[in-house]
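Work the whole structure out from these sequences, hints included.
Now for the letters of each chain:
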Amino acid sequence: MIESLDPGTLYPFGGAALFALGLHGLIRRRHLILRILAVNIMGSGVFMVFLGIAARGNAPPDPVAQALTLTGIVVAVSATAFALALTVHLARLTGYAVLLPGPLQTHRDSHPDDR
Amino acid sequence: MNAALLTFDFVLLAGLLGVAWRCLASTDLFRAVVLFITFGLLLAIAWVRLEAPDIALAEAAIGAGITGALLLVTLERLKHIMNRPRTDTDHDPAPPPDPVASDADAPGAAPTGDAASRAADAGNAALSCAPAPARGRWITLVVTVGLAGLLMATLATQEHDPGLQPTVAEHMDVSGVDHGITAVLLNFRSWDTLLELAMVLLAGLGAWSLGRHDALPARPTPGPVLPGAVRLLLPVAIVTGVYLLWAGSHAPGGAFQAGAVLGAAGILVSLARPHELPDPDPRLLRIGVTAGALLFLAIGLWGLFAGPALLTWPSELAYPLILIIETGATLSIALTLVALFIGGRSPREDT
Amino acid sequence: MSTASPDTLIFATGALAAVSLGLPLLASAWPWQARRIGLLGLPLAILGLLAAVGLFLDAAPGMDAPAVRVGLGGWEAPLGVTLHLDGLALAMLLLNALVALAGSLYARGYIHTAAGERQFWPLWLWLWGGLNLLVLSGDAFNLFITLEIASLSAVALVALTGDTDAVTGAMRYLLINLLGSLSFLLGAALLYGEFGVLDLQLLGELADDGPTVRMAAALMLGGLLMKAAVFPLHVWLATAHASAPAPVSGMLSGMVVAAMFYLILRLWLLIFAPLGTPALAVLLGLLGSAALVWGSLQALRAPRLKIVAAYSTVAQMGYITLAFPILILHPAAWPVVVFFAFAHGLAKAAVLMAAGTVQKAAGHDRMNALGPVLRARGRTVFALGLGGISLMGLPLTGGFLAKYLLLEAGLLAAADTTTIMQVWTALWVVMVALGSLLATAYILRMVAPAFAAGERNPGGHVSAGMEWMPLALAVGAAAMGLAGASLTGLLEHTTVAA
Amino acid sequence: MIADLLTTVLVLAGLAFFAAGTLGLLRFPDVYTRLHALTKADNLGLGLVVLGLMLQAEGPAMIFKLALIWVLVLAAGATAAHMVAQRTWTHGEFERRE
Amino acid sequence: MNLLLVAAAGFLLLTILFGLIRVLRGPGSGDRMLTAQLFGTSGVGILLLLGFALDQPALVDVALVFALLAVVAAVAFVRQHGLPEPAGTPMHENPVEEQPHDPPHNPPEDTHDR
Numbered sequence: 001m002i003e004s005l006d007p008g009t010l011y012p013f014g015g016a017a018l019f020a021l022g023l024h025g026l027i028r029r030r031h032l033i034l035r036i037l038a039v040n041i042m043g044s045g046v047f048m049v050f051l052g053i054a055a056r057g058n059a060p061p062d063p064v065a066q067a068l069t070l071t072g073i074v075v076a077v078s079a080t081a082f083a084l085a086l087t088v089h090l091a092r093l094t095g096y097a098v099l100l101p102g103p104l105q106t107h108r109d110s111h112p113d114d115r
Numbered sequence: 001m002n003a004a005l006l007t008f009d010f011v012l013l014a015g016l017l018g019v020a021w022r023c024l025a026s027t028d029l030f031r032a033v034v035l036f037i038t039f040g041l042l043l044a045i046a047w048v049r050l051e052a053p054d055i056a057l058a059e060a061a062i063g064a065g066i067t068g069a070l071l072l073v074t075l076e077r078l079k080h081i082m083n084r085p086r087t088d089t090d091h092d093p094a095p096p097p098d099p100v101a102s103d104a105d106a107p108g109a110a111p112t113g114d115a116a117s118r119a120a121d122a123g124n125a126a127l128s129c130a131p132a133p134a135r136g137r138w139i140t141l142v143v144t145v146g147l148a149g150l151l152m153a154t155l156a157t158q159e160h161d162p163g164l165q166p167t168v169a170e171h172m173d174v175s176g177v178d179h180g181i182t183a184v185l186l187n188f189r190s191w192d193t194l195l196e197l198a199m200v201l202l203a204g205l206g207a208w209s210l211g212r213h214d215a216l217p218a219r220p221t222p223g224p225v226l227p228g229a230v231r232l233l234l235p236v237a238i239v240t241g242v243y244l245l246w247a248g249s250h251a252p253g254g255a256f257q258a259g260a261v262l263g264a265a266g267i268l269v270s271l272a273r274p275h276e277l278p279d280p281d282p283r284l285l286r287i288g289v290t291a292g293a294l295l296f297l298a299i300g301l302w303g304l305f306a307g308p309a310l311l312t313w314p315s316e317l318a319y320p321l322i323l324i325i326e327t328g329a330t331l332s333i334a335l336t337l338v339a340l341f342i343g344g345r346s347p348r349e350d351t
Numbered sequence: 001m002s003t004a005s006p007d008t009l010i011f012a013t014g015a016l017a018a019v020s021l022g023l024p025l026l027a028s029a030w031p032w033q034a035r036r037i038g039l040l041g042l043p044l045a046i047l048g049l050l051a052a053v054g055l056f057l058d059a060a061p062g063m064d065a066p067a068v069r070v071g072l073g074g075w076e077a078p079l080g081v082t083l084h085l086d087g088l089a090l091a092m093l094l095l096n097a098l099v100a101l102a103g104s105l106y107a108r109g110y111i112h113t114a115a116g117e118r119q120f121w122p123l124w125l126w127l128w129g130g131l132n133l134l135v136l137s138g139d140a141f142n143l144f145i146t147l148e149i150a151s152l153s154a155v156a157l158v159a160l161t162g163d164t165d166a167v168t169g170a171m172r173y174l175l176i177n178l179l180g181s182l183s184f185l186l187g188a189a190l191l192y193g194e195f196g197v198l199d200l201q202l203l204g205e206l207a208d209d210g211p212t213v214r215m216a217a218a219l220m221l222g223g224l225l226m227k228a229a230v231f232p233l234h235v236w237l238a239t240a241h242a243s244a245p246a247p248v249s250g251m252l253s254g255m256v257v258a259a260m261f262y263l264i265l266r267l268w269l270l271i272f273a274p275l276g277t278p279a280l281a282v283l284l285g286l287l288g289s290a291a292l293v294w295g296s297l298q299a300l301r302a303p304r305l306k307i308v309a310a311y312s313t314v315a316q317m318g319y320i321t322l323a324f325p326i327l328i329l330h331p332a333a334w335p336v337v338v339f340f341a342f343a344h345g346l347a348k349a350a351v352l353m354a355a356g357t358v359q360k361a362a363g364h365d366r367m368n369a370l371g372p373v374l375r376a377r378g379r380t381v382f383a384l385g386l387g388g389i390s391l392m393g394l395p396l397t398g399g400f401l402a403k404y405l406l407l408e409a410g411l412l413a414a415a416d417t418t419t420i421m422q423v424w425t426a427l428w429v430v431m432v433a434l435g436s437l438l439a440t441a442y443i444l445r446m447v448a449p450a451f452a453a454g455e456r457n458p459g460g461h462v463s464a465g466m467e468w469m470p471l472a473l474a475v476g477a478a479a480m481g482l483a484g485a486s487l488t489g490l491l492e493h494t495t496v497a498a
Numbered sequence: 001m002i003a004d005l006l007t008t009v010l011v012l013a014g015l016a017f018f019a020a021g022t023l024g025l026l027r028f029p030d031v032y033t034r035l036h037a038l039t040k041a042d043n044l045g046l047g048l049v050v051l052g053l054m055l056q057a058e059g060p061a062m063i064f065k066l067a068l069i070w071v072l073v074l075a076a077g078a079t080a081a082h083m084v085a086q087r088t089w090t091h092g093e094f095e096r097r098e
Numbered sequence: 001m002n003l004l005l006v007a008a009a010g011f012l013l014l015t016i017l018f019g020l021i022r023v024l025r026g027p028g029s030g031d032r033m034l035t036a037q038l039f040g041t042s043g044v045g046i047l048l049l050l051g052f053a054l055d056q057p058a059l060v061d062v063a064l065v066f067a068l069l070a071v072v073a074a075v076a077f078v079r080q081h082g083l084p085e086p087a088g089t090p091m092h093e094n095p096v097e098e099q100p101h102d103p104p105h106n107p108p109e110d111t112h113d114r
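Protein chains in written order, with my numbering: chain A, 1 to 115; chain B, 1 to 351; chain C, 1 to 498; chain D, 1 to 98; chain E, 1 to 114.
Among the hints, a few may not be true.
Not the full set, but computed from the structure, chain E residues with beta-carbon under 8 Å of chain D [claimed, not checked]:
(1) T35
(2) P57
(3) A63
Don't read these hints as lab results, they were simulated from the structure.
From the three backbone atoms N, C-alpha and C, an ideal C-beta is built for every residue, glycine too.
Here it is as structure tokens:
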């Protein structure tokens with residue numbers, strides 16, 4: 001059992017667990033900063049699966065999977081940076097950094113003319 | 001020996017999952033961010049264990065240097081916005097309820113502790129957030145645990161597949177570099193890398209389109225410590241960035257790691273700001289941010305007309321071409337990361 | 001052998017990809033001229049595209065494989081990234097070109113502040129370019145990056161208006177997109193783990209019926225269904241589409257949602273078709289029907305023009321989700337999805353841009369106070385009506401053609417299946433008819449104030465482009481009913497897994 | 001052989017300082033005392049580990065790189081400790097252990 | 001020899017996990033920042049030990065980058081960026097002239113967090 005558990009098989013399991021943990025956090029927590037952290041943790045889970053696949057077996061690691069992970073990390077960083085900028089912008093506008101519940105806030109039935 | 005490594009892996013994975021869980025379950029944003037920075041550190045060590053030093057390098061440069069600083073400054077901006085006296089009523093007629101009052105009952109939000117640190121964080125009251133709502137707790141838990149189980153079961157059925165490692169090794173001599181990952185990134189799958197540069201640029205454009213950045217006056221510090229540290233770290237960071245860029249062709253390193261290190265150095269200078277930051281002409285800044293991808297595409301077009309397809313490098317010219325592209329990419333990435341850190345477009349652009 | 005040698009087609013594919021990336025890059029490097037780059041570059045790119053379609057149509061019969069595959073960087077499939085150009089891809093490129101061109105001419109008048117133009121045009125060209133690259137790409141990981149590019153530019157464009165609803169909608173849209181992209185990437189990672197290959201066509205040949213393919217299908221299609229706002233995951237659509245600038249709403253409802261369904265269709269045709277089970281058919285059918293009913297009811301209730309159009313998108317996406325159960329039983333009917341994408345894309349873009357014109361003229365788009373403006377602006381109301389007719393599916397319009405083909409495929413599928421599936425297929429056919437009825441209701445609700453007598457007040461100034469473009473798109477949606485044959489001809493040359 | 005023995009001793013000593021640093025961080029009452037624990041782990045803990053590893057290094061380039069890393073960590077530790085202390089001092093009222 | 005280095009790396013990893021208690025419990029943000037700084041140093045230590053244990057010299061470069069950037073997070077924590085928006089140019093003025101439908105709705109009634 002010990003030999004079969006080389007990093008190539010162990011870490012993808014960790015990656016799957018991180019993906020699920022991040023998804024749980026993304027659904028449960030409503031503050032935007034925590035949701036962005038949850039998305040990052042999910043991304044790290046996916047990259048751990050990718051790198052686990054690259055490191056399988058005792059052959060030298062697969063450079064294509066590692067290159068894809070590097071590309072994925074840079075894409076994740078830029079998406080996170082933009083998400084943080086959007087969060088600050090939303091906080092400036094509404095005073096809150098949380099997505100208000102309810103599907104649509106733009107129903108104007110509370111508008112004076114409509115009543 | 002590999003028993004020791006195996007226990008190391010188990011402890012590392014347990015640590016990663018524990019830190020991630022505590023980070024997402026915390027009711028204080030600052031604690032979540034610090035836990036996330038620790039998560040990035042443990043992640044870099046995990047990439048080392050998976051024999052991927054390049055990715056560990058990128059994770060270190062981006063996790064420690066860029067994401068950590070970006071999150072901390074975002075928290076400061078949120079705190080500044082929340083605590084700002086709501087004089088501008090046109091945006092929000094009713095002032096938002098006082099955060100401390102509404103969250104006083106939140107469990108775990110007000111830990112006991114020594115007065116100084118507590119007082120130091122009086123301003124942090126805006127950074128506490130309510131714990132997750134009670135309803136829907138079990139459904140989400142069942143769904144996510146089920147998903148994790150399914151994923152692990154699927155991964156367990158997959159037996160070892162050599163992947164593309166043999167094919168890459170076969171074509172290494174033609175690729176112009178002799179480090180596998182750089183060959184894949186800049187020769188075999190260069191289209192992915194070009195689109196990824198576009199993605200970094202697009203994030204910069206998106207952040208700029210939202211609004212202008214705050215004023216950035218010089219902020220001299222009372223003591224000599226910060227300027228001294230910046231004076232020491234800046235040259236070393238630049239030299240390390242150039243070294244990583246150069247080493248990319250035959251050892252772990254490359255455009256993104258170098259760009260991230262130079263970007264982190266830029267962020268350090270924009271934070272310390274011993275003297276007025278040079279406010280570049282917005283037109284030059286826009287060209288500088290786009291230069292990396294434009295140069296990459298321009299060189300690629302030559303392949304479209306002469307060679308079999310777009311982005312083809314002739315094998316004898318491959319190494320110099322790849323080096324030029326990597327240099328352009330490094331500068332553009334560093335510039336974009338600093339611009340993303342500063343936040344908005346420069347006020348000079350709209351005058 | 002074919003007259004136009006394939007290497008002109010290979011050059012054309014490479015050139016299409018280079019232009020789709022080059023234009024946005026130029027606009028980002030020189031935003032002060034971004035508007036001119038857009039207005040000059042887009043028509044030229046579309047002329048190139050038409051030339052490529054011509055080349056493809058007369059070269060395709062002679063080619064053995066019905067697709068042009070270009071290994072970028074000179075590296076063939078397993079190692080390099082391959083562009084994949086076939087009938088389906090060309091059809092979606094055409095749709096993207098039409099909606100983007102109309103949107104650009106519309107945006108010429110809609111956005112007139114210099115600061116606004118500097119921010120709008122680069123992002124707008126990135127959205128168009130990102131969708132082009134998405135349609136051209138034939139590699140799983142490359143699809144992930146193009147999905148991210150298209151989604152990020154769409155989110156930035158939605159947030160451009162800067163008011164509370166727009167930024168809230170944009171944030172919700174961003175989170176859904178990130179979640180969808182990550183699950184797509186995890187699916188691709190699983191496929192790579194099992195088969196060691198990322199190219200879609202090679203994956204199609206290697207894919208068996210094992211747990212990995214099943215799990216990858218769930219993750220990738222689930223992520224894409226989230227981005228395509230299929231019923232249970234559609235929450236983000238109304239806020240984002242209703243509060244975005246009008247040309248962006250047109251592009252989002254017209255092309256972005258259709259591109260996600262294109263990707264679902266592409267993955268279905270190449271890799272995941274053997275996984276289609278009757279149970280999945282029933283599930284998708286129920287989702288589609290629920291979307292149809294729920295979207296139409298919300299559209300009937302919504303107080304604002306743009307929100308009616310946004311909820312009608314949720315409803316019309318129900319049609320495409322309904323097409324898949326029939327596809328599982330009768331695989332040869334897959335062009336129905338493309339017909340729906342075309343008809344809905346053109347019609348919905350026309351309706352949303354017309355709504356934008358009305359909003360610009362009247363200062364608001366609350367429907368109970370739009371009577372005077374609608375009565376005064378004949379062209380815009382005609383565009384609204386004509387687009388609406390195509391959405392309803394009245395005869396001779398594009399919508400009718402798509403619904404007719406769907407019903408025909410439904411009846412064919414019902415002919416040779418078990419009795420239970422026949423009952424379910426009959427239910428889907430009834431739902432399609434019901435959907436048309438509900439669509440008629442909310443379209444007429446939009447246009448009705450124009451026919452009542454009352455004072456006429458054209459409201460604020462609106463540029464010529466904002467009046468003519470919705471009309472042009474609406475006429476295009478209607479004329480598509482007559483051009484069915486050429487679209488079918490184009491779609492014949494598509495790679496479908498053996 | 002001697003080198004391996006020396007390395008073992010030095011690395012173990014370094015670990016002792018790391019342990020002391022972590023223990024101090026957990027046990028000390030307030031911010032100002034905790035930062036002393038942190039800086040001990042920095043300069044001595046890592047210093048001894050780096051010294052131990054220098055014996056294993058092949059060329060002078062690696063030895064120089066290890067020394068550079070140690071100097072950088074020293075600078076980082078000192079700067080961070082100073083600034084955190086200054087910020088807590090200015091923002092929080094002075095907390096003295098009666 | 002390699003066994004010792006790996007064991008040492010494992011020990012440092014354990015010190016990080018123990019240090020987490022201070023991050024979780026630490027009343028003030030200053031404590032948490034200090035702990036993050038200590039983790040940075042322990043991280044450098046682990047990387048160096050693993051670098052020599054698995055003889056991958058590239059890990060020393062990773063440790064170098066970590067050492068270099070450890071101070072950026074601390075400086076970001078200390079140098080608040082909370083500066084007022086530039087005077088007279090509200091941050092979120094609409095670049096695209098969108099007719100404001102009307103003043104935004106009043107804040108939601110139910111309990112919400114920030």
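message: The hint names P57 of chain E as touching chain D; please verify it with the least Cβ-Cβ distance against 8 Å.
response: holds, 7 Å
- request: Closer than 8 Å between Cβ atoms is the bar; does T35 of chain E clear it against chain D? Give me holds or violated.
  value: Holds: closest Cβ of chain D sits about 6 Å from T35 of chain E, inside 8 Å.
- prompt: Close enough to count: is the Cβ of A63 of chain E nearer than 8 Å to one in chain D?
  reply: With Cβ-Cβ at 6 Å, under 8 Å, it holds.
Consistency with the previously given hints is maintained throughout, with no hint failing.
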